[in-house]
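Student: First to last, the protein sequences are chains A and B.
Numbers 1 to 467, taken from the UniProt record's numbering, label the letters of the first sequence in order.
Numbers 1 to 467, taken from the UniProt record's numbering, label the letters of the second sequence in order.
A few of these clues could be false.
What the hints assert, rightly or not - Using 27 Å as the maximum straight-line C-alpha spacing, the simulated BS3-like pairs for lysine-lysine come out as follows:
id, chain 1, residue 1, chain 2, residue 2
1, A, 346, A, 377
2, A, 126, B, 97
3, A, 69, A, 245
4, B, 179, A, 69
5, A, 102, B, 245
6, B, 97, A, 102
7, A, 102, B, 253
8, B, 69, A, 102
9, B, 168, A, 438
10, B, 97, B, 79
11, B, 76, A, 237
12, B, 97, A, 237
13, A, 102, B, 102
14, A, 245, B, 102
15, B, 85, B, 69
Simulated from the structure, these hints should not be mistaken for laboratory data.
Below, each chain spelled out in residue letters.
Protein chains: 2
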Amino acid sequence: MQYHINKTLTFFLLLTFSATTFATQQNPTPAQVKALQQQALNSDLSYQLVESLTVEIGPRLPGTVADIKTVEWSEKQLKRLGFDKVYREPVTIPVWKRGDAKASITAPFPQNIVVTALGGSVATPKEGIEAEIVRFDSIEQVEQASAAEIEGKIVFIDPITERHRTGKGYGKVVGARSKGAVESAKKGAVAVVIRSIGTDSDRFAHTGMMRYADDVVRIPAAAMSVPDAELVNAMLKRDLPVKIKLHMTPAHKGEGTSYNVIGEITGSQYPDEIVLLGAHHDSWDEGTGALDDGAGMGIVMATGAIIKKSGIQPKRTLRVVLYAAEEIGLIGAKAYVEAHKAELDKHKFALESDFGAGYIWRFDTRVNDSALPAMQKIADALAPLGIERGHNEASGGPDVSMLPNYGVPVVSLQQDGSDYFDYHHTPNDTLDKIDPVKMKQNTAAWVTFAILAAAVDTPLRPIPPKE
Amino acid sequence: MQYHINKTLTFFLLLTFSATTFATQQNPTPAQVKALQQQALNSDLSYQLVESLTVEIGPRLPGTVADIKTVEWSEKQLKRLGFDKVYREPVTIPVWKRGDAKASITAPFPQNIVVTALGGSVATPKEGIEAEIVRFDSIEQVEQASAAEIEGKIVFIDPITERHRTGKGYGKVVGARSKGAVESAKKGAVAVVIRSIGTDSDRFAHTGMMRYADDVVRIPAAAMSVPDAELVNAMLKRDLPVKIKLHMTPAHKGEGTSYNVIGEITGSQYPDEIVLLGAHHDSWDEGTGALDDGAGMGIVMATGAIIKKSGIQPKRTLRVVLYAAEEIGLIGAKAYVEAHKAELDKHKFALESDFGAGYIWRFDTRVNDSALPAMQKIADALAPLGIERGHNEASGGPDVSMLPNYGVPVVSLQQDGSDYFDYHHTPNDTLDKIDPVKMKQNTAAWVTFAILAAAVDTPLRPIPPKE
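With the rest of the complex left out, here is chain A (with noise of 0.2 Å):
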């Protein structure tokens, strides 16, 4: 007890001396960082934060009132919190609005089941379409199914996927979700219904994007629930034929504009030099997008807010990245990309909080290997917080993945996401699903790179190939 006290005492004093004093010149030292993680700790601000997103603006579509609300909602946010710029950039996006989804197996054994459009997908026509469905396990499965099996069928792929604390077993299913319709349509499906990308067994669907190509007809696209798409097997196990009748009802409604929202922590001694800390503001539209990625945002925002209250400037400017429309299509990223090309080269470090509230339980980086001893002193100040150091292949999260192709170096606080895709883009994805606990020990681990990046002066380019 005071040891704590002494150690607290210490840190105010150097705190007050390097934020005077040395401020421009100094990398924090231990004890500076070691008090910044206990502040993160001892702070629910980033939990305070997805509250408040979730309560007072909820689910963020792209295109909707909800989603300008929340712009201008994280611009408050950051002056409040007191960043040192705070602007928007905007964001052109294709504008499309749910609507309602019905449908029901009408043979051999009819009941309704529980499905919701996915991402992009067209309406059906008025009078639903009906048809009997042909099952596959896989997207690979269709892409090798002649025509004769499909034309004139609804396509019903059905893969499962594996829980995994990495959530790999997203990456090897979710293709049924992204192609299932082109390439279905390609061999004259009249629409595809995949069984839900998730590892839950609730009567939720999972929505999420899919793509069309321009050259393949455009069929209505949706995902049933996992315990749905077990009640059609069971029906196709008796050697009957299913059908099932679908009712959609989504709409393209064009372009809108959306924005990136930026906030700045100035660096003291490279202010040009830039640590990317990013998280998307927009959600889907079923649940209140905490999970995704309301606790990216808390995470992001809180650990600038926290560093600019403890007077250690960092070396480098921290600039948070609030994005637009990663859900359908990373069209934030992108436009972000465009925007900041001719500074990409200073962008020291980029990464994004998107995977949910879990614990941070492994740090990867992609920086070039003669970097690697630098990244062990980070990976030894976040190893109290339960963090181990990983590999060197990081992809650094969605909305900054295509940074590497620029040279920036990316980096990963690797989150437990056992249960991410229980939730991920169902209405459940509700505020009671985080834990304010795991949201300290992500913001601690936040803050501790932060700064620490901030300071990394060895030089991280070229950035290793993809393997």
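Assemble chain B onto chain A, guided by the hints.
Tutor: Showing chain B alone in chain A's frame:
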């Protein structure tokens, strides 16, 4: 291993012997009971039945086509399974259709919430009902409130359902659902919306029956999901008035007919004396009624079937009663009492399986104290299944709960209901929530009880008064 083989051999010898020679005179031997248990533990019949019911019919709201299909399915299955008598008895039912239910918070922070109509609710006007809410912790608080607090508002009753193995948290708060509309309307409320009576935090609203009173105006009644109740509370904590808009289109459609379906295994010695094994065949309409009460259907039907197939004829008649219209007010149960009043004194025991598909962990009874030693013998036979002897204040289950008023002894094979109210009356009540292994243990307990109960010669009446 050798021992086991010998025991099995002994059983078959005994079985042949008893079935052919002493069927009407001997009580089942411990070895026979043990072998019956083992047959049930090896059989997936109870699971197969609920699988068939949920896949081939699905939800079974009284008054629907599916309800009548269920009656036909039940008769067909009971005949297939070798029951000696199979018949149906008509039950007049009120017919109610759910329609749609939509709700949104319109102030201070507009967003949609997930609601469902409570069973029996009237519709809102076409344009919906929009009003400020007034929150109460419990139905008791509503009863104590003044009309001035409530008049013109939507009453929001917000009780938390505690998780408990016995489900006792449900009974404490379900009054908010059953009595909320009447108590709120008495004081001028325009609608009532309750926090779902459920232990989960999924974004599903839990339906269930509510009641009106003849002399009180009928206001719409809905439940919102637990995450939405928390959302509303988060807004109320900001000291801002919260307004909700509610659109619901349920409708009362007059009267219809359903049927109690009955299957009997005739008693060898006292065929006119009855051990009543109950479950209900109707279900709510948003899930597939797997846990409530498809599981119970599977268990009691398999119980009769496994006993029949074993060749051990019960000394008294085993009467499997598949009740109609339990969910909407024990309508089938009341009709059974009317139809069978004259023979209720011949009902040796009654019990129902209607609490999901968890392991049975306790054996409760309500019999004359003088019969407790005989009950202990049954408890001893249940003990190898992990079942402890409980109290002598059993309720027997919803559909047999009025039989003690007529002197009928009741029993509860108490299931672990720890997660029952996570799924109860939601779209999430689907087959995947049932563990086939637990269904086997349930069925083993029921066959054990049934065969021994049919042979109990001790007088069980008069039963003790309710505490």
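Student: Now tell me if each hint is right for this structure.
Tutor: For each hint, the structure was consulted:
{"no.": "1", "hint": "A:346 / A:377", "result": "22 Å, holds"}
{"no.": "2", "hint": "A:126 / B:97", "result": "24 Å, holds"}
{"no.": "3", "hint": "A:69 / A:245", "result": "37 Å, violated"}
{"no.": "4", "hint": "B:179 / A:69", "result": "40 Å, violated"}
{"no.": "5", "hint": "A:102 / B:245", "result": "23 Å, holds"}
{"no.": "6", "hint": "B:97 / A:102", "result": "18 Å, holds"}
{"no.": "7", "hint": "A:102 / B:253", "result": "24 Å, holds"}
{"no.": "8", "hint": "B:69 / A:102", "result": "23 Å, holds"}
{"no.": "9", "hint": "B:168 / A:438", "result": "32 Å, violated"}
{"no.": "10", "hint": "B:97 / B:79", "result": "32 Å, violated"}
{"no.": "11", "hint": "B:76 / A:237", "result": "21 Å, holds"}
{"no.": "12", "hint": "B:97 / A:237", "result": "32 Å, violated"}
{"no.": "13", "hint": "A:102 / B:102", "result": "15 Å, holds"}
{"no.": "14", "hint": "A:245 / B:102", "result": "23 Å, holds"}
{"no.": "15", "hint": "B:85 / B:69", "result": "20 Å, holds"}
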